[in-house]
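Colleague: Protein chains in written order, with numbering that gives the first Met the number 0: chain E, 0 to 308; chain W, 0 to 267.
Derived by calculation from the structure, the hints in this document are not laboratory data. Treat the hints with care, since some could be wrong.
Unchecked claim - Cβ-to-Cβ under 8 Å is the rule here; a few derived chain E residues that face chain W:
(1) T24
(2) F25
(3) F34
(4) P58
(5) P59
(6) E63
(7) M68
(8) F270
(9) I271
(10) D274
(11) G291
What the hints assert, rightly or not - Lysine to any residue pairs mimicking SDA-like chemistry, simulated, CA-CA at most 25 Å apart:
(12) K86/E - G232/W
(13) K79/W - R204/E
(14) K175/W - K129/W
(15) K79/W - R272/E
(16) K79/W - R205/E
(17) K79/W - I271/E
(18) K115/E - R153/E
(19) K79/W - P207/E
(20) K115/E - R91/E
(21) K86/E - H101/W
(22) K86/E - R249/W
(23) K86/E - T248/W
(24) K79/W - P50/E
(25) K79/W - A220/E
(26) K237/E - Q143/E
(27) K129/W - H24/W
(28) K79/W - A199/E
(29) K79/W - V202/E
(30) K79/W - K237/E
(31) K175/W - V165/W
(32) K86/E - P50/E
(33) K79/W - V200/E
(34) K86/E - L29/E
(35) K115/E - C136/E
(36) K86/E - K129/W
(37) K79/W - E203/E
(38) K129/W - A65/W
(39) K86/E - P244/W
(40) K79/W - S213/E
Note that the structure is a prediction, hence the values are computed from the model and not measured. Note that beta-carbon positions come from the ideal geometry of N, C-alpha and C, so glycine has one too.
Each chain, written out:
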Amino acid sequence: MVTDLAVDVGGGLRLKNPVLTASGTFGYGLEFRPFLDLSALGGLVTKGLSPRPRRGTPPPRIAETPSGMLNAIGLQNVGVDAFLAEKLPELRAHDTAVVANVFGETVAEYVEVCAKLDGAAGLAAVELNVSCPNVACGGMVFGQDPVALAEVTRACRRATRLPLWVKLSPNVTDIREFARAAEGEGADAVSLVNTFVGMAVDVERRRPVLHNVSGGLSGPAIRPLAVWMTWQVYRTVKIPIIGIGGILTGHDALEFLLAGASAVQVGTANFIRPDAAVRVVREIEAYLDRHGIATVRELTGALQDGVPR
Amino acid sequence: MPQDLPAPVRRNLDLGHGNFLLELHAPAHAAEVSPGQFFMLGVEGTDILLRRPFSVCGARDTFADAPQDAIQILYRVVGKGTALMAALRAGATVQALGPLGHGFHPPDPGTLPLFVAGGIGSAPFPALAKALRGHARVPWMVYGARTAADLPLLDWFRDHCERVEVTTEDGSAGRKGRVTAPLEEILSAASPGSLQLYACGPNPMLAVVARLARAHGMPCDLSLEAPMACGFGVCLGCVVPCHAPDGGTRFERVCVEGPILRAERLAW
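Take the sequences, apply the hints, and build the full model.
Modeller: Below, the structure written as structure tokens:
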């Protein structure tokens with residue numbers, strides 16, 4: 000049996016398989032060439048791109064926590080112009096969907112980056128980062144207010160013809176409200192979740208471990224929270240969901256698919272095993288074979304006793 | 000080119016006081032690695048999520064009693080990750096990603112290599128001492144720690160360096176005090192540019208070594224350590240502030256631009 004791994008993620012975009020790599024965990028993709036074949040991925044999502052290069056937060060920036068890690072990088076990135084000039088041309092050589100993650104401090108900055116990316120050859124989609132917890136302006140400010148999220152989505156929708164994804168913050172009372180706002184303003188898909196805000200304390204020195212005091216929690220620690228949010232959002236919106244949160248293995252990815260995701264992003268696992276995302280693809284394929292399932296698309300939301308949407 | 004390979008443990012020598020020398024069967028890594036580079040090591044089947052970075056201590060012919068296809072890692076138990084490593088026995092397997100980062104710069108012809116080590120900061124120097132052999136003068140070393148038990152491989156260094164000055168903060172071995180005292184004496188007696196310093200240890204020690212090297216006009220390589228999740232430039236967790244060409248500063252990655260950086264690049 001030939002397993003069909005292709006998935007549709009909205010806006011006419013079809014991925015060769017449901018596994019992407021998450022923004023902030025995969026650099027600009029090129030760094031991983033020694034370790035895996037980028038063409039084996041359904042897609043990759045770049046580090047958040049801002050209108051101009053960003054310096055980022057002073058160290059310490061990361062800390063391991065039980066089954067997870069905290070990070071406060073502060074969106075250090077090369078800026079959209081350097082990405083287009085130096086990174087994207089090399090990425091085009093690989094047969095995978097390149098998704099640009101977009102960050103701004105104001106609506107105008109989000110629009111500026113989207114507009115610059117709009118004409119670029121070799122981009123499959125744009126993902127709005129309205130959920131970074133580690134910057135003073137922008138980011139999660141938009142992701143914690145449904146009115147602001149609607150505004151930035153609407154503005155970016157006008158600025159790009161590319162499929163538009165909105166990456167949601169879990170640091171909200173009811174994530175469904177935000178998914179609805181994104182859908183209502185023309186987003187083609189929602190990706191969820193970004194990191195949870197957390198803090199670790201060095202008790203010997205009585206200081207926060209991170210210079211930024213708080214950071215974003217990722218890794219297996221957040222997986223059940225993210226699966227639950229995926230399930231909630233699946234029953235709320237009609238646009239595809241891209242599930243994110245502590246996926247290390249094919250089993251973990253399948254949890255998200257069955258809870259309603261059409262595709263997934265592998266994040267922290269890329270740090271631990273640089274070929275993790277390709278292993279996830281193979282393990283999903285093995286699961287389909289084992290269960291005699293013809294296409295991975297059948298799995299989305301396919302909990303046996305699940306409440307239909 | 001770095002590779003991510005399973006590496007069987009050949010032995011895990013307990014050097015006492017929480018210091019261990021781990022020897023891995025790693026032919027590809029042994030063939031590739033240069034002194035100063037590092038590996039991300041992961042112990043599978045544990046609840047530790049991230050790998051930990053370790054400088055290469057030895058490879059190929061560094062240690063006379065080890066095979067050519069092995070690498071050695073000198074480490075100290077400081078937390079959960081290293082405690083799990085200490086429990087490894089021959090036959091266990093670790094996942095080893097590397098070699099990573101930039102190694103030490105070779106000394107200018109005629110200069111005297113001088114190692115400055117703080118405790119477990121001696122880890123990268125056996126490989127460097129062996130690599131310099133036949134290509135540079137026999138190195139000197141200034142080796143300091145809190146107490147005598149925190150000076151792993153001291154006998155090895157005495158055999159492979161022309162001169163070793165030891166300091167301990169409690170006076171239990173060598174001179175009582177810190178490495179900076181004998182370092183300053185050696186620097187003061189030498190003409191500018193005649194020594195090549197190589198330093199590894201806690202950041203406050205490195206900052207003092209960098210300042211002294213500059214004051215005495217000596218080139219100085221620092222081997223830096225920082226918390227890092229990936230080891231190959233994508234997590235951006237391990238940055239240090241460095242001078243930028245435009246006169247300002249910017250964050251450089253210890254894992255990619257380092258872990259060996261010329262002291263004058265750092266903006267501490």
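Colleague: Between K79/W and V202/E, does the CA-CA distance stay at or below 25 Å?
Modeller: Holds, because 16 Å separates the two Cα atoms, which is no more than 25 Å.
Colleague: Check the hint pairing K175/W with K129/W against an upper bound of 25 Å on the C-alpha distance.
Modeller: violated, 29 Å
Colleague: Does P50/E lie within 25 Å of K86/E when you go C-alpha to C-alpha?
Modeller: holds, 15 Å
Colleague: Would you check the hint for K86/E and H101/W, treating anything up to 25 Å between C-alpha atoms as holding?
Modeller: This hinted pair holds, its Cα atoms lying about 22 Å apart.
Colleague: Report holds or violated for the interface hint on D274/E, using the least CB-CB distance to chain W and a cut-off of 8 Å.
Modeller: Given a least distance of 7 Å, the restraint on D274/E holds.
Colleague: Does the alpha-carbon distance linking K79/W and R272/E stay inside the 25 Å limit?
Modeller: Distance of about 19 Å is within 25 Å: holds.
Colleague: Under 8 Å, Cβ to Cβ, is where F34/E needs to be relative to chain W, so tell me if that hint holds or is violated.
Modeller: holds, 6 Å
Colleague: Within 25 Å, alpha carbon to alpha carbon, are K79/W and R204/E?
Modeller: Status holds; Cα separation ~19 Å.
Colleague: For the restraint on F270/E, tell me whether the closest CB of chain W is nearer than 8 Å.
Modeller: This interface hint holds because 4 Å falls under the 8 Å limit.
Colleague: Do the alpha carbons of K86/E and R249/W lie within 25 Å of each other, as the hint requires?
Modeller: Holds, because 20 Å separates the two Cα atoms, which is no more than 25 Å.
Colleague: Starting from K129/W, check that the Cα of H24/W is at most 25 Å away, please.
Modeller: holds, 19 Å
Colleague: Between K79/W and V200/E, is the straight-line Cα distance small enough, at 25 Å or below?
Modeller: holds, 16 Å
Taken one by one, the earlier hints fail for this structure at numbers 11, 14, 24, 30, 36, listed in ascending order.
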